[in-house]
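In case you want the letters, here they are:
Protein chains: 2
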Amino acid sequence: MSQNHKITLMYNGSTFSGWQIQKNAVTVQEEVEKAFSVILRQPVEMVGASRTDAGVHAYNYVAHSFFDTDIENERLMLGVNAILPEGIKVKSIEDCDEEFHSRYSAKSKTYIYRIDVSKYGDVFKKPYVWRFRYPLDFEEMQKCPQHFLGKHDFSAFMSKGGQAKTFERTIYECSLSLENDIITMTIKGDGFLYNMVRIIAGTILSVGRGYLKSEDIPDIILSKERKKAGITAPPEGLMLYEIEY
Amino acid sequence: MSQNHKITLMYNGSTFSGWQIQKNAVTVQEEVEKAFSVILRQPVEMVGASRTDAGVHAYNYVAHSFFDTDIENERLMLGVNAILPEGIKVKSIEDCDEEFHSRYSAKSKTYIYRIDVSKYGDVFKKPYVWRFRYPLDFEEMQKCPQHFLGKHDFSAFMSKGGQAKTFERTIYECSLSLENDIITMTIKGDGFLYNMVRIIAGTILSVGRGYLKSEDIPDIILSKERKKAGITAPPEGLMLYEIEY
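Chains as they are written, first to last, in our numbering: chain A, -18 to 226; chain B, -18 to 226.
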């Protein structure tokens, strides 16, 4: 059996159609597999921890891949980074047990969602934030995160088209901060349904706009009805921050 | 006399030849004056707080400008931002006393200089950092900032071509931190000679490389000889962070 590898990477999602290979679209998986295949002179396949939607960014994405080579991991990383397109970088390559699986071995994932609420749009944060130009009641928004904590059926916070067969997920941490006109939502859970983080962010935003009240959130969760929750916030504000194993 | 205005702006220096208008180069001042002139339908001139070199970024740059208009400051800002090129944003426009001068009224300036020391190059920090790929002794670098504090003749930390007639400057704060493979130098002073921040950053880097020792810095300052200090660090890592009035 070949050696298994844990590969950590970061990417700017703006110019990619998400992680997973698909026809007629440029994806991160395709670019990363191509770069490894060129340097290793053999076909290389990756299994990623998450599909991630088009436009979503990753600070510490993890994939695993089986291959054998004489090239040291650090030299391999430098070679791959030299030919990867702008916006994708491999941060580390580590040998790991054959049992390690980027998706199934993950204990939890942490996402951040950022909203630029400045009147002008921060030059240095773009394109990694959602720019929102209307007034928001941040104090009211801060009452929301607590309601998502714990184990719940999150069907109300799921878009159609996901592949999940169970809908209960546990949220370990959820918090909101405001600094330099950037609102940052940090959320950590044992797993997330399709678009779940973006719908939670959109629901908190709907509370900030006054369309929903923070104390409505428990009922929205219990209803299991997608239409009761807020909008699906756009992908550019979302970043897969960390995967814990 | 027309109304004086304090104008705060941010810009990504990567694509501009600094602040100050010059022939055959695209500068921030030119773009900002042009945008104000279009919206106000009158020629508008700005006086900026600092020239800033080509490639240097600004988080809170300040200029002042005399003009009269019926347009409210916030509407004017939105109009100007709508036509400014990518990478420049006006953050605020405030009426101010006729005595206010963006340069002469400034009490101090704070700059940050950032070095990306990761092996891969942070996708999200580029192009706002200097990427440096060789090993650095950060512990030794941390002994440097204290030596710059206080009032000194900083002739050794000045490139030729500046317009300063006195060479004493007072440094109020100087510190170094390391987080997520980014070294950040923060420096606040009553003024800076030509390229002074970049030469201080380059000197601290030379200490990190072992070419200089931190305890040599007082003698380098006393020598007033440019050649005794370290290199001039490149502009892309430098950001004018704040101007205090």
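Since the hints were derived computationally from the structure, they do not count as laboratory data.
Treat each hint with caution, since some may be false.
Treat identical chains as interchangeable: a pair holds within one or across any two.
Pairs of lysine to aspartate or glutamate residues, derived as EDC-like cross-links and limited to a Cα-Cα distance of at most 16 angstroms, are as follows [as the list claims (entries may be wrong)]:
no., residue 1, residue 2
1, K100, E12
2, K100, E75
3, K106, D49
4, K(-13), D49
5, K132, E12
6, K88, D171
Structure-based check of each hint:
1. K100 <-> E12: neither (37 angstroms within a copy, 20 angstroms between copies)
2. K100 <-> E75: between (44 angstroms within a copy, 14 angstroms between copies)
3. K106 <-> D49: Neither: 40 angstroms inside a chain and 33 angstroms across chains, both beyond 16 angstroms.
4. K(-13) <-> D49: For K(-13) and D49, only the intra-copy Cα distance (13 angstroms) is at most 16 angstroms; the inter-copy one is 62 angstroms.
5. K132 <-> E12: neither (36 angstroms within a copy, 53 angstroms between copies)
6. K88 <-> D171: within (6 angstroms within a copy, 51 angstroms between copies)
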